[in-house]
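J.: Now for the letters of each chain:
There are 2 protein chains.
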Amino acid sequence: MAQSAEHNPKIGFLVHGPEDELRALIARRRGLAERCEIRHADGVVSMEDKPSHVMRNGKGTSMWAAIEAVRSGEAAAAVSCGNTGALMAVSMLRLRKLPGVNRPAIACLWPSRNPGGFNIMLDVGADIRAEAGDLLQYALMGASYARNGMGLARPRVGLLNVGTEEHKGRAELKAAHELISANTEAGNFDYTGFVEGSDIPSARVDVIVTDGFTGNVALKTGEGTATLIGELLTQAFKATPLSRIAALLAMTSLRRLNRRIDPRRVNGGVFLGLNGTVVKSHGSADATGVAAAIGLAFRLGRSGFSQRLAARVASAAPPSEDTAAGESDDDSGNHNGTGE
Amino acid sequence: MAQSAEHNPKIGFLVHGPEDELRALIARRRGLAERCEIRHADGVVSMEDKPSHVMRNGKGTSMWAAIEAVRSGEAAAAVSCGNTGALMAVSMLRLRKLPGVNRPAIACLWPSRNPGGFNIMLDVGADIRAEAGDLLQYALMGASYARNGMGLARPRVGLLNVGTEEHKGRAELKAAHELISANTEAGNFDYTGFVEGSDIPSARVDVIVTDGFTGNVALKTGEGTATLIGELLTQAFKATPLSRIAALLAMTSLRRLNRRIDPRRVNGGVFLGLNGTVVKSHGSADATGVAAAIGLAFRLGRSGFSQRLAARVASAAPPSEDTAAGESDDDSGNHNGTGE
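The listed protein sequences correspond, in order, to chains A and B. Be aware that the first sequence starts at 1, since it is given in our numbering, and climbs by one per residue. Be aware that the second sequence starts at 1, since it is given in our numbering, and climbs by one per residue.
The reader is advised that the hints may include incorrect statements.
Identical chains share a label here; the pair holds if one copy fits it or two copies do between them.
Below are the SDA-like pairs computed for lysine to any residue, each with C-alpha atoms no more than 20 Å apart in a straight line [to be verified]:
no., residue 1, residue 2
1, Lys50, Glu165
2, Lys168, Glu48
3, Lys97, Arg29
4, Lys174, Gly289
5, Lys168, Asp49
6, Lys59, Cys81
7, Lys50, Asp286
8, Lys238, Gly304
9, Lys238, Arg255
10, Lys59, Leu242
11, Lys50, Cys81
12, Lys238, Met251
13, Lys168, His53
14, Lys238, Pro115
15, Lys168, Met92
16, Lys168, Pro51
17, Lys50, Gly169
Hints listed in this document are in silico derivations from the structure and should not be mistaken for laboratory results.
Working from the sequences, and respecting the hints, build out all of it.
T.: Take a look at the structure:
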């Protein structure tokens, strides 16, 4: 919080939780207290709590209060490091889905060869199912996120499959391929076509669309691979006296590399498709990680992302039609109301 | 071939392809010619050929001839570095599925924290669909492969899902969870339950079971992540003069690490569920990689893997029953004929 307050002079915080503890923590950083309004909340959602339990009994928790503040318009966005399932459940319950959105999605950032250093992938676990129409909505939402969160004028969207040939894959992927192709102008993105797992970090694409089951497996597989390589690398540097000296000499470069690929630092999963912006930071994130998530929430909140996203989703044809019906050449927030 | 001939004094080769070229290549290695019988074949399956085309027109190719040699019993196993889709199509056509197997699978090796250095994952792309009964067969086939190919007496099998809790995941995964639990004795394996993408390289499990769509995405995501990290590591070592010196000092250790995780070296995808053993080596494999694939094919061929696998699949209850009907406490090749 202190880091992001320094970087963004216009940022202000509503902080939800146990008042006394929070006041003491905030007082430690100069200049932070004036930017914070503390809202006392006794209850805490733990990492073990089931989403259904939190939906029924979560009213007095800080998580609930943070989402309520987005709902009432007091907060432009919510940031939480807590239980992902519970956060999505409370967000769905209180913020509700955007008109026209069937399944909300969680979008993550993935280290990539693109100049910005990251690609966007969605859904990575909000829902284990996705029909062709859902995948089209993910494409629209992901492209809007890339424009507003990463400043890409016309993002390139790819659809994850087991091969790049048009005849490959499941039936819903072929249908989604057609739908997404037909909506590139309504969504203001370029469509790369099918991409494979090896393309997720590539510079061919900015946004990777997939169902939440496949996306979640891919995300955790990527994290697991990076963690394994990190461990093996550490072992390699301890293997011989020469390699131990090498580790010392290369320390700065290796730390920089680590910052780029450490899954705990690739921070800020965003919930898309709700009436309001919610950013999920990793539970084990450090100050830099949380500052990244807050910075992202601030950019998205300031840009009116939630309204722009709503307009964009509404601008595309409903899944039953073939061509785009709406007209919207920028994410201006003018909701033309087609297709609802 | 020369490497594997040295390592395995009992190995012999049927080599299919253009006779003159092959004879010249084989003559370059001392002692190799006596171990090889060249079978002339004019035709070649290219990487671009469609599987359906090869099935109709592939009769004169070296790939076809290699599979025919397994079919006739002349060869104990086939090894190919060619087009995966075409190799699977020709293998299915000529070798046919094992009795009781609905969908054959491709099993790959994945660098892991286990003492052997690798875990097995299947299916990684033979079929994009898998029902609960198919996933049970993958568990049986993967466990049999781990016993015969990696020497694990009682392999631990995990089912890939988006969380480890029993209530998570798609309907077919919950059904497969019950089926696999009920068949651990018939299959002679331990069942770890649901595992996540981050567990694929873990020491909690030896065999990871999933459908061919998810498995293919996970495999390529893992490869893509490893390749990206490799590139970033190379950049990091070129970043400063100190880091360049460090790279020199650590070269041996880093090369060892590279051998362990380079996707081109994790070689030897095995086709499971056919009447005969077929090992697919990576198209870009070097001599060490091909030798690894040949060594694996030799071990599997010598152990009578194909017959053992058939017995194991037959020993489990058909998917419609709840408990194991067969009895077979080792992979002895005695096919008791239950469940067919």
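J.: Each hint needs a verdict: does it hold in this structure or not?
T.: Against the structure, the hints:
Taking the shortest Cα distances, Lys50 and Glu165 sit within 20 Å of each other only across copies (11 Å), while inside one copy they are farther apart (41 Å). For a Cα distance limit of 20 Å, the shortest separation of Lys168 from Glu48 across copies, 14 Å, qualifies, whereas the shortest one inside one copy, 40 Å, does not. Taking identical chains as interchangeable, the C-alpha atoms of Lys97 and Arg29 are never at most 20 Å apart, the minima being 37 Å within one chain and 68 Å between chains. In this assembly of identical chains, the alpha carbons of Lys174 and Gly289 never lie at most 20 Å apart, being 37 Å within a copy and 36 Å across copies at closest.
Proximity of Lys168 to Asp49 under the C-alpha cut-off of 20 Å is restricted to the inter-copy arrangement: shortest distance 15 Å between copies versus 40 Å within a copy. For the identical chains of this complex, Lys59 and Cys81 are intra-copy neighbours only, at 18 Å inside a copy versus 60 Å across copies, given an alpha-carbon limit of 20 Å. Neither within a single protomer nor between protomers do Lys50 and Asp286 lie at most 20 Å apart by alpha-carbon distance, with minima of 25 Å and 50 Å respectively. In this assembly of identical chains, Lys238 and Gly304 lie within 20 Å of each other by CA distance neither inside one copy nor across copies; the values are 50 Å within and 42 Å between.
Within a single copy, Lys238 and Arg255 get their C-alpha atoms as close as 16 Å, and across copies as close as 14 Å, so both meet the 20 Å cut-off. In this homomeric assembly, Lys59 and Leu242 never come within 20 Å of each other (Cα to Cα): the closest approach is 58 Å inside a single copy and 56 Å across copies. Within a single copy, Lys50 and Cys81 get their C-alpha atoms as close as 16 Å, which meets the 20 Å cut-off; across copies the closest is 48 Å, which misses it. For the identical chains of this complex, Lys238 and Met251 are neighbours both inside a copy (13 Å) and across copies (13 Å), given an alpha-carbon limit of 20 Å.
Taking the shortest alpha-carbon separations for Lys168 and His53, only the inter-copy value of 16 Å comes in at or below 20 Å, while the best intra-copy value is 41 Å. Proximity of Lys238 and Pro115 under a CA criterion of 20 Å is satisfied inter-copy only: 19 Å between copies versus 33 Å inside one chain copy. For the homomeric pair Lys168 and Met92, the shortest alpha-carbon distance between copies (19 Å) is at most 20 Å, but the shortest distance inside one copy (34 Å) is not. Taking identical chains as interchangeable, the C-alpha atoms of Lys168 and Pro51 lie at most 20 Å apart only when they sit on different chains, with a minimum of 12 Å there against 36 Å within one chain.
For the homomeric pair Lys50 and Gly169, the shortest alpha-carbon distance between copies (15 Å) is at most 20 Å, but the shortest distance inside one copy (34 Å) is not.
When each numbered hint is compared with the structure, violations occur for hints 3, 4, 7, 8 and 10.
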